[in-house]
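At position 145 of the first sequence (counting the first as 1) the number is 145 in full-length UniProt numbering, and the numbers step up by one without a gap.
Derived by calculation from the structure, the hints in this document are not laboratory data. As the structure is a computational prediction, the values presented were derived from the model and not from experiment. Note that CB positions come from ideal geometry on N, CA and C, so glycine has one too. Keep in mind that the hints are not guaranteed to be accurate.
[Said to hold, decoys possible] Straight-line distance between alpha carbons at most 20 Å, and here's what the computed EDC-like set of lysine to aspartate or glutamate pairs gives: (1) K799 <-> E759; (2) K711 <-> D852; (3) K865 <-> E855; (4) K58 <-> D583; (5) K711 <-> D292; (6) K982 <-> E952; (7) K222 <-> E192; (8) K398 <-> D583; (9) K982 <-> E928; (10) K58 <-> D292.
[Stated by the list, open to error] For each label pair, taking beta carbons as the anchor points, the in silico distance ranges come out as: (11) E589 <-> A191: 29 to 37 Å; (12) D289 <-> A53: 32 to 40 Å; (13) D289 <-> E738: 34 to 42 Å; (14) G206 <-> E589: 28 to 36 Å; (15) G761 <-> D582: 24 to 32 Å; (16) P922 <-> T526: 54 to 62 Å; (17) K461 <-> L184: 39 to 47 Å; (18) R135 <-> P922: 41 to 49 Å; (19) E323 <-> G206: 13 to 21 Å; (20) E453 <-> G764: 36 to 44 Å; (21) D286 <-> E453: 25 to 33 Å; (22) S327 <-> E201: 55 to 63 Å; (23) T526 <-> E589: 38 to 46 Å.
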Amino acid sequence: MSDRTTTSNETPFRYTAQMAQDIELSWQDRWEEEGTFNAPNPAGPWAEPDKVAARGEKLCVLDMFPYPSGVGLHVGHPLGYIATDVYSRFHRMLGRNVLHALGYDAFGLPAEQYAVQTGQHPRKTTEENMTNMRRQLRRLGLGFDNRRTFATIDPEYYRWTQWIFLQIFNSWYDADAVRPDGGLGRARPIAELVAQFESGERPLPGGDTRAWAQLSDAEQAKVLEGYRLAYTSEAPVNWCPGLGTVLSNEEVTNEGRSERGNFPVFRRNLSQWMMRITAYADRLADDLDRVDWPEKVKVMQRNWIGRSAGARVAFPVTLAAGERAGSTTDIEVFTTRPDTLFGATFMVLAPEHPLVDSLVPEGGWPDGTHDDWKGADAEASATPQAAVAAYRLAASRKSDVERQTEGKDKTGVFTGSFATNPVTGQPIPVFVADYVLMGYGTGAIMAVPGHDERDFEYATKFSIPVVRVVAPSLDEADAPLADAYVGDGVIVNSASDVADLNGLGVEEAKARIIAELEEREIAEGTINYRIRDWLFSRQRYWGEPFPIVYDEDGVVHALPEEQLPLTLPDVPDYSPKTFDPDDANSSPEPPLSRVPEWVEVELDLGDGRGRRRFRRETNTMPNWAGSCWYYLRYLDPANDTAIVDPGNERYWMGTWPTPVAGAPAGTKDPGGVDLYVGGVEHAVLHLLYARFWHKVLHDLGYLESEEPFRKYFSQGYIQAYAYTDARGQYVPAAEVEEHPGGPGEEPTFTWGGQQVFREYGKIGKSLKNSVSPDEMYDAYGADTFRVYEMSMGPLEVSKPWETRAVVGAQRFLQRLWRNVVDEATGEVVVTDDAPDQALTTQLHRTIQGVRDDFEDLRFNTAIAKLIELNNSVTKLGVAPREVVEAMVLMIAPVAPHIAEELWSRLGHSGGVAYAPFPEADPSKIVEEQVTCVIQIKGKVRDRVEVAPDISEDELRELVLARDKVRAATQDGIRTVIVRAPKLVNVVPM
RNA sequence: GCCCCCGUAGCCCAAUCGGCAGAGGCAGGCGACUUAAAAUCGCUCGAGUGAGGGUUCGAGUCCCUCCGGGGGUACCA
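Please take these sequences and the hints and turn them into a complete structure.
Here it is, written out as structure tokens:
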């Protein structure tokens, strides 16, 4: 495969892999020495305003933060980096000041797991991995500003991660505060909330009438906890014994397992750090309109946030048990269909609903209770208390997985109580059933079997009346319902002395009933969200320590900013306490809790109370923390007084005067990174968390931009074939031989003579189909590898790696090389003669096409156009300098090393990195003749050469006079469609 | 089940506004170079666009139904 050995004595100057390597290494050294890709900053410690002024508009290009894997890169990993590098280099040649840098996301579970597996300290393995990855990427010739690199594990970086945590901790969300843009709601310093409590402007929550100063420290802390954007809370969380840590909702699959490692996850009540991302739910959903992202990812985020408009409605009920037995209270439900309130014939509470106990009467069932309502457990069905207790116990023992896998078969038990439908006044039975979830809405529903599929199933199974309140038309008001009718229509059977909705449309009825019931204080229009607060603590070693201590009363204190960073201590045993993955009753044990000399400290927090004893927080942050803001640090990595100088943030990420394409009219641009490229797997994790932090920092006045990523492009993956033998074991894919099948048959595959079976999917060491970039550098060189990856197809689609196809990219570069350099003598062989008309036209058309393609990230078609142009030049035998130089500049973003070399051999000093990109001359694109296609009834029947500026009338006449057209139109002409100059379609009678 | 995306040559992919189905690459075939092979170079073969229907003068492109592949989501009231 390598032609390293094929450089014969006759062609010592051929562009071989060896030649490519020599060229590439020497230019990489030169770029590094000269700091070619360093981007000047307008402000901060590196301020070079003169250099900034000397360049054109800024452009901030970003790749998703890589995690330095222990096994090194495979050929799929650099795809996005090459794409962003091509885009960056293209824009440098257009004169823009381009910032492109790469750092490392080095904290977190994978790094720690790799260290545990190899029995080494995570810092050691992580640093080794980063060294290897840096080497692999440097060899690829990426034009990063290497001054701007860092890793999340650097104390000088995580100092600021901890600082941001403190800003969030010391903030609350004031939903009534007016933002500069006129919207409502923003984060404010917690001190301003304390001031409101102190002055009495804001009453204490829960009807507490004491003055703020009368509260103890612990009581004050408790109150503030209810407001802080980062807070501890005792709540049901996702405990994963197999990983020894808790996980956020976003890290748990819908099968109820950990996204990483696929271990079972259990719900446990534990005290954990949370981030109040729910406060930002509206803005996170609304502002998706303002960014240029793939629609698919926007939809995924909107679904995750899960905003739905509806109403909270109170259903009165008389308590049947408990201290307040006999008194009346309300069961509050959330519904998106208040228009169907008249059709609510029963209610359902989640098994965990706190009201259940007081709804179940002592003694027997109410007279006439349907046997089906008493529960599936015959032994427990004698009394409501026994039946409900049995049902709740059974439900509590079910995992989320079991609840789901049991499918749609509805189960439930009657509580023995009836509530009152507030609009009909009718008593309706209240059930406990596990198809209602405590975690959504109020954990209780009004069930409308006529117009909700789940309620219909339940009503059918338990013989509950079904009432139609929506019909396709008034005529069908009493048509029987064979299924829940969920379509649009007109409201029927919905009148009482409370309200009359009959005849209204669904949307009108919703508005009407909410208005009526709000007046009576029975309901209120409301918005409900699916998103929950973000669980932020992990019981692992390899993460940022929280800058938090607890005093002897258990009150939370933030470390003063001057005491940051709080460094991660070196510990003898950094591995997590391991558990049986299925042991739901295990409890997390953070490794840091095993270091008492670090945990128990005496500190002066600078609060005037002197040195006191404290206990440190022993949880660590999730690896999302470091990746939530790294893009900001690239802008000003050496700044030790701020996360980023405001001048740098405004310059690199500030808002543009015009909004992104496709934004609604009147939209204000949110600013942010100009191009962000990465895989879609972080659609609701990293991309949502980073947006949240960015908005908090914006609210607190640290950032001008409102979004982190103005344009996000989701790249496809490079995948590969893998092969298994008869036992299902993977065999080395590189050694498999393909045998073509007969016509219409699949090919067959053998390895070492035995038949093997092909599958398609991810690249991985364990699948034995991994190809490393290093192998490509050795066999072809980095430029060939770059050209191949960029020419495989559109950046956004996934496509299969095919090593044997890489040679096509090499042949192209060889042909380009040969057009400039004589393989035998090394002499430059271009001619100074001007290209002919046809080649000139092709050149300028190519320039225009390549510019457009690069701008729109269509690198595959740009390369195809360059191959075409190069092929035209090759056919001439001798290459005109004008065309060759333009080609060298145009290929430079994709294949920068060979371009530098050829550019220099063509007699230019100064390099191609900042050479101006060729400009198309529109006057030279115009051809003297164009081919006009003549269609008869839509089928191509003739062609004619015409002038490009021929008029429609001239062309029509010309075409109608042609023999073939006259022959076809002897019976007359129905119509003639003229699209001058390229097409005429004649339709005969 | 629901929602979204994608089906063009043996394979990866072009066709930008509804206007000649083919730009580019791989593989295959033939030829040149070679003692021979590899590499290289030149030439060349190759689909009617997943299936069916519709709109249109004209459909890969727009609409409907179905089939196949991928992704998201799943009792979210």
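For each hint, the structure was consulted:
no.	hint	verdict
1	K799 <-> E759	14 Å, holds
2	K711 <-> D852	18 Å, holds
3	K865 <-> E855	15 Å, holds
4	K58 <-> D583	54 Å, violated
5	K711 <-> D292	5 Å, holds
6	K982 <-> E952	10 Å, holds
7	K222 <-> E192	17 Å, holds
8	K398 <-> D583	15 Å, holds
9	K982 <-> E928	13 Å, holds
10	K58 <-> D292	18 Å, holds
11	E589 <-> A191: 29 to 37 Å	35 Å, holds
12	D289 <-> A53: 32 to 40 Å	34 Å, holds
13	D289 <-> E738: 34 to 42 Å	49 Å, violated
14	G206 <-> E589: 28 to 36 Å	34 Å, holds
15	G761 <-> D582: 24 to 32 Å	28 Å, holds
16	P922 <-> T526: 54 to 62 Å	58 Å, holds
17	K461 <-> L184: 39 to 47 Å	45 Å, holds
18	R135 <-> P922: 41 to 49 Å	46 Å, holds
19	E323 <-> G206: 13 to 21 Å	20 Å, holds
20	E453 <-> G764: 36 to 44 Å	41 Å, holds
21	D286 <-> E453: 25 to 33 Å	30 Å, holds
22	S327 <-> E201: 55 to 63 Å	35 Å, violated
23	T526 <-> E589: 38 to 46 Å	41 Å, holds
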